[in-house]
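With chain C held as given, fit chain F onto it using these hints.
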Amino acid sequence: MPAMAGIIDWGCHIAKHRLPLAILSGKPAGGGPERSLAWADEDAVTLAVEAARQALDGHDRSEIDLLAFATTTHAFEEKQGAALIAAALGLSTDTRTLDIGHSLRGAVEALLLADDAIRSGRARKALVIASDCRMGAPGSALERNGGDGAVAFLLGSTDCTATITAHAAQSEEIVDIWRRSGDRFVHGWEERFTSQYGFLEPSTAAAAKLPAAADDARRFWATSAPDQRSSATLARVLKANGDTMPTPLCGTVGFCGAAHAPLMLAATLELAEAGDEIAMLSHGDGAEALLLTVGKSAEKKRFTDSLTTRIPVSSQAAYRRARAIDPGEYPPLDDQGISATIHYRDRAEDLRLQGQRCSCGEPQFPKGRVCIRCGKKDNFTPEDFAERTGSLVTYTLDAFFPSPNPPTAVGIVKVENGPRIYLQVAELPGKEPELGMELRFVFRRIHDVGKRPNYFWKAVPAGRQG
Amino acid sequence: MSLKDKVAIVGVGCSQFAEHWSKGSEDLIVEAVFEAYEDAGIEDASRQIDAVFCGSLYSAMGPVDVSDALKLTKPVTAVYNYCATGTETVRAACMAVAAGVYETVLAVGYDKPKDRGVSGPSVSFRGVRDIPATPAGWFSFLCAPYFAKYGAGREDLAKIAVKNHHNGTLAPKSFLKKEITVEDALNARMISWPFGLFDCAAQTDGAAAVIVTRADLAKNYPSQPIYVKAITSHCSPNPHTDPDHDFLRWKATEYAAADAYRMAGIDDPFNQIDVVQLHDCFTMTELVSYEDLGFIPKGAAKEHIASGTFELTGELPVNTDGGLKSFGHPTGATGARMIVENVLQLRGKAGARQVKGAKLALSHNIGGYPTGCAVSILGVE
Numbered sequence: 001m002p003a004m005a006g007i008i009d010w011g012c013h014i015a016k017h018r019l020p021l022a023i024l025s026g027k028p029a030g031g032g033p034e035r036s037l038a039w040a041d042e043d044a045v046t047l048a049v050e051a052a053r054q055a056l057d058g059h060d061r062s063e064i065d066l067l068a069f070a071t072t073t074h075a076f077e078e079k080q081g082a083a084l085i086a087a088a089l090g091l092s093t094d095t096r097t098l099d100i101g102h103s104l105r106g107a108v109e110a111l112l113l114a115d116d117a118i119r120s121g122r123a124r125k126a127l128v129i130a131s132d133c134r135m136g137a138p139g140s141a142l143e144r145n146g147g148d149g150a151v152a153f154l155l156g157s158t159d160c161t162a163t164i165t166a167h168a169a170q171s172e173e174i175v176d177i178w179r180r181s182g183d184r185f186v187h188g189w190e191e192r193f194t195s196q197y198g199f200l201e202p203s204t205a206a207a208a209k210l211p212a213a214a215d216d217a218r219r220f221w222a223t224s225a226p227d228q229r230s231s232a233t234l235a236r237v238l239k240a241n242g243d244t245m246p247t248p249l250c251g252t253v254g255f256c257g258a259a260h261a262p263l264m265l266a267a268t269l270e271l272a273e274a275g276d277e278i279a280m281l282s283h284g285d286g287a288e289a290l291l292l293t294v295g296k297s298a299e300k301k302r303f304t305d306s307l308t309t310r311i312p313v314s315s316q317a318a319y320r321r322a323r324a325i326d327p328g329e330y331p332p333l334d335d336q337g338i339s340a341t342i343h344y345r346d347r348a349e350d351l352r353l354q355g356q357r358c359s360c361g362e363p364q365f366p367k368g369r370v371c372i373r374c375g376k377k378d379n380f381t382p383e384d385f386a387e388r389t390g391s392l393v394t395y396t397l398d399a400f401f402p403s404p405n406p407p408t409a410v411g412i413v414k415v416e417n418g419p420r421i422y423l424q425v426a427e428l429p430g431k432e433p434e435l436g437m438e439l440r441f442v443f444r445r446i447h448d449v450g451k452r453p454n455y456f457w458k459a460v461p462a463g464r465q466g
Numbered sequence: 001m002s003l004k005d006k007v008a009i010v011g012v013g014c015s016q017f018a019e020h021w022s023k024g025s026e027d028l029i030v031e032a033v034f035e036a037y038e039d040a041g042i043e044d045a046s047r048q049i050d051a052v053f054c055g056s057l058y059s060a061m062g063p064v065d066v067s068d069a070l071k072l073t074k075p076v077t078a079v080y081n082y083c084a085t086g087t088e089t090v091r092a093a094c095m096a097v098a099a100g101v102y103e104t105v106l107a108v109g110y111d112k113p114k115d116r117g118v119s120g121p122s123v124s125f126r127g128v129r130d131i132p133a134t135p136a137g138w139f140s141f142l143c144a145p146y147f148a149k150y151g152a153g154r155e156d157l158a159k160i161a162v163k164n165h166h167n168g169t170l171a172p173k174s175f176l177k178k179e180i181t182v183e184d185a186l187n188a189r190m191i192s193w194p195f196g197l198f199d200c201a202a203q204t205d206g207a208a209a210v211i212v213t214r215a216d217l218a219k220n221y222p223s224q225p226i227y228v229k230a231i232t233s234h235c236s237p238n239p240h241t242d243p244d245h246d247f248l249r250w251k252a253t254e255y256a257a258a259d260a261y262r263m264a265g266i267d268d269p270f271n272q273i274d275v276v277q278l279h280d281c282f283t284m285t286e287l288v289s290y291e292d293l294g295f296i297p298k299g300a301a302k303e304h305i306a307s308g309t310f311e312l313t314g315e316l317p318v319n320t321d322g323g324l325k326s327f328g329h330p331t332g333a334t335g336a337r338m339i340v341e342n343v344l345q346l347r348g349k350a351g352a353r354q355v356k357g358a359k360l361a362l363s364h365n366i367g368g369y370p371t372g373c374a375v376s377i378l379g380v381e
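Each protein sequence line maps, in turn, to chains C and F. Following our numbering, the numbering of the first sequence begins with 1 at its first residue and continues without gaps. Following our numbering, the numbering of the second sequence begins with 1 at its first residue and continues without gaps.
Extracted from the complex, chain C is given alone in its bound form (with noise of 0.2 Å):
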């Protein structure tokens, strides 16, 4: 049984399309202050698989027995988010998966079960991911000062970056911010309030209950925060211990619900030296926080690079037509929900781009029962194309295929020793793809064809991750 417990590896997807503020106020872009928005094929689930895949880069994915995902945008009341997402990253049925929902500070638990997992020998290794898409009713403070964004801490008991050593929690009942079943948004009392009794004064009162800093350690906080000033009030009291509080995202990412403390978590891992010690802190409902010691100092900027890979939202039509926010003409397509069964059968090749290979070397997706090849029946072996390249073979641009971000971009992608896959392709940099160009694929919620997310992969062009 391993005492040793800790963060191996981690990655970060902050949602890349960034929203200037001033667009919601009607006023040019113009360089101010922004946030971050999952576009109309994104949602908490695309979100969380992509930082799941960083974080899984160069793992061997058969030894996670356990999948937490934290989050509180899953799209579904009943229905799991982590099974989904063990599906996409192609984890074995074996894996344990849960969701921890209907909190901001689901990330601190869901780090902490993982943790007693692997001490506990019931799990060799534990994927935690935290992911919000924060939705705000138009014109409000929430919709500006919301962010969208997703992290993965992959757990271990070997070649730990850290090792959780604290605990400590503050539990509050309080209506300051809410969504009830239903709500499309987020809603919030009044903000002097909410910020002193909702977040100040729990997430203080947790972070007193910490240990104080071993002799000589730097202590660096990673903390929610869910507006400049409460953000700011909160790292006065923090930095009054001598404690570092890196920059908390407000204006550039914006609050990312139950993924924002843990997001800092990661950006925070990136900066610091073996030695140092970092306590996260999340509120909702009170406030929990959690201390590491950093074992190493970090070799990837995953945080960096999600921070700084970005796609500048030019209206704000775009953004009201991506996130659905107006009516359309018609109503949403409800009656013509995609079979369940068909969804069934097809969930491999669906959630982790499984195809097969023959035994005469073709490679083939969809599945399908005879060779293309060589005519022979039930020949074959799955194979998983989701983290190959590929390039593309031909494609159009499809303005009357309904979309909320049209027109939609289609191709054939020849998968790199793979066979070709016919689907949509996505954040292409200029008007026109470019034959031949080299593409990866990406997890997303394609459409919502019976009101029901539906999810499948995309391409879009290579390069770095994020």
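Check the hints yourself; a few may be wrong.
[Unchecked claim] Computed cross-link-like contacts, DSSO-like style, restricted to lysine-lysine with a CA-CA straight-line distance of at most 27 Å:
#, chain 1, residue 1, chain 2, residue 2
1, C, Lys377, F, Lys251
2, F, Lys219, F, Lys359
3, F, Lys349, F, Lys178
4, F, Lys356, F, Lys159
5, F, Lys6, C, Lys376
6, C, Lys451, C, Lys79
7, F, Lys149, C, Lys414
8, F, Lys219, F, Lys349
9, F, Lys219, F, Lys159
10, C, Lys367, F, Lys251
11, F, Lys74, F, Lys219
12, F, Lys23, F, Lys114
13, F, Lys298, C, Lys414
14, F, Lys356, F, Lys4
15, C, Lys414, F, Lys251
16, F, Lys359, F, Lys6
Source of the hints: derived by calculation from the structure; they are not laboratory data. Because the structure is a prediction, the values reported are computed rather than measured.
For chain F alone, kept in the frame of chain C given last:
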């Protein structure tokens, strides 16, 4: 086995193609079939027609649409092969006659898409990843690779639209009777790059009917009989997954044409065939079909578009009635409508759009992703 010269067409009919807000499929079927009855001199269909083949993509009821409309209670068979349905319906009728099962058979192609409340074709929703799926999206996949390899572009596509709009003004039963310019086509709103609105077939309702009989009985009918030299169908791999596709051609057309030429004994299609109706669902489909049907070498379409080879006054007139561009594409009707036009051309009855002295006529349908193609070759002897 060959169908050559075993079957003759003795009657044809075609409804007006239009957005028929005030007519149902029953009206269109009756208009087309009674015109074919008259052409064939049929006065008592229940005695003179032995069986009916019915082609439709959108029908909810199937061949009962036809038997109910015509009050013709004969053996009825539904035929369906995407956009090639019309030619397939006639092919099925020809095979039944050639096999000796029936003497005289009615083939009816029809569709009524304008009752669905959408302006274009349906966008299908089956499984999660099937989307988006629009015909314009599928058929446009040839454009980027073809343009890159052979230097053609949107202007060449536009000239095809201009030609077919012009031919449509000369066909009484066409839907669009409006000349357009290359600029009109280039400036129209984009449907699926590089197809603008004028690169796409219109969407209409229509029906067309063809009556076939044994070749040796054809002289008993009043109108000039037209003989089936070949009628073939071929499938290709799905281009979306075909590991070998070069996106410079549609293989289904090449395969079906090769079969048709073999059946008809044609070795120089450009010089032997006099008039062509081909499947211009989108302008690019017409462009590659010039090549895929073997009229000109691969890559030569651009120069032949520039020189007017396929215009009404050119060496090989294509889509003399304006094609799908002007008639629209009520899916089941289209292939049958093409055969009606070729019969009129071969009889010398095509009015202002008549190709002088036409002896051999080809028609072509392609559909699916595309995956299926049907070709007919008709002759006067």
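Hint by hint, here is what the structure shows:
With a C-alpha separation of about 24 Å, the suggested pairing of Lys377 of chain C with Lys251 of chain F holds against the 27 Å cut-off. As the CA atoms of Lys219 of chain F and Lys359 of chain F are separated by approximately 18 Å, the hinted pair is consistent with the 27 Å bound. Proximity of Lys349 of chain F to Lys178 of chain F is assessed by CA-CA distance (about 23 Å); at most 27 Å being required, the pair is judged to hold. Of the pairs offered as hints, the one joining Lys356 of chain F and Lys159 of chain F holds, with about 23 Å between alpha carbons and a cut-off of 27 Å not exceeded.
Straight-line distance between C-alpha atoms of Lys6 of chain F and Lys376 of chain C comes to about 38 Å, which puts the hinted pair past the 27 Å bound. Of the pairs offered as hints, the one joining Lys451 of chain C and Lys79 of chain C holds, with about 14 Å between alpha carbons and a cut-off of 27 Å not exceeded. Restraint check: the Cα-Cα separation between Lys149 of chain F and Lys414 of chain C comes to about 19 Å, which is no more than 27 Å; the hinted pair holds. At roughly 18 Å between alpha-carbon atoms, Lys219 of chain F and Lys349 of chain F fall within 27 Å of each other, so this suggested pair holds.
This hinted pair does not check out: Lys219 of chain F and Lys159 of chain F have alpha carbons roughly 42 Å apart, beyond 27 Å. Our distance criterion of 27 Å between C-alpha atoms is met by Lys367 of chain C and Lys251 of chain F, whose separation comes to about 23 Å. Of the supplied pair hints, the one linking Lys74 of chain F and Lys219 of chain F holds, its CA atoms being roughly 24 Å apart against a limit of 27 Å. The hinted pair formed by Lys23 of chain F and Lys114 of chain F meets the criterion: a straight-line CA distance of about 10 Å does not exceed 27 Å.
The hinted pair formed by Lys298 of chain F and Lys414 of chain C meets the criterion: a straight-line CA distance of about 24 Å does not exceed 27 Å. As the CA atoms of Lys356 of chain F and Lys4 of chain F are separated by approximately 24 Å, the hinted pair is consistent with the 27 Å bound. Straight-line distance between C-alpha atoms of Lys414 of chain C and Lys251 of chain F comes to about 19 Å, which keeps the hinted pair within the 27 Å bound. For the proposed pair Lys359 of chain F and Lys6 of chain F, the alpha carbon gap of about 18 Å is at most 27 Å, so the pair holds.
Violated hints, listed in ascending order, are 5, 9; each of the other numbered hints is respected by the structure.
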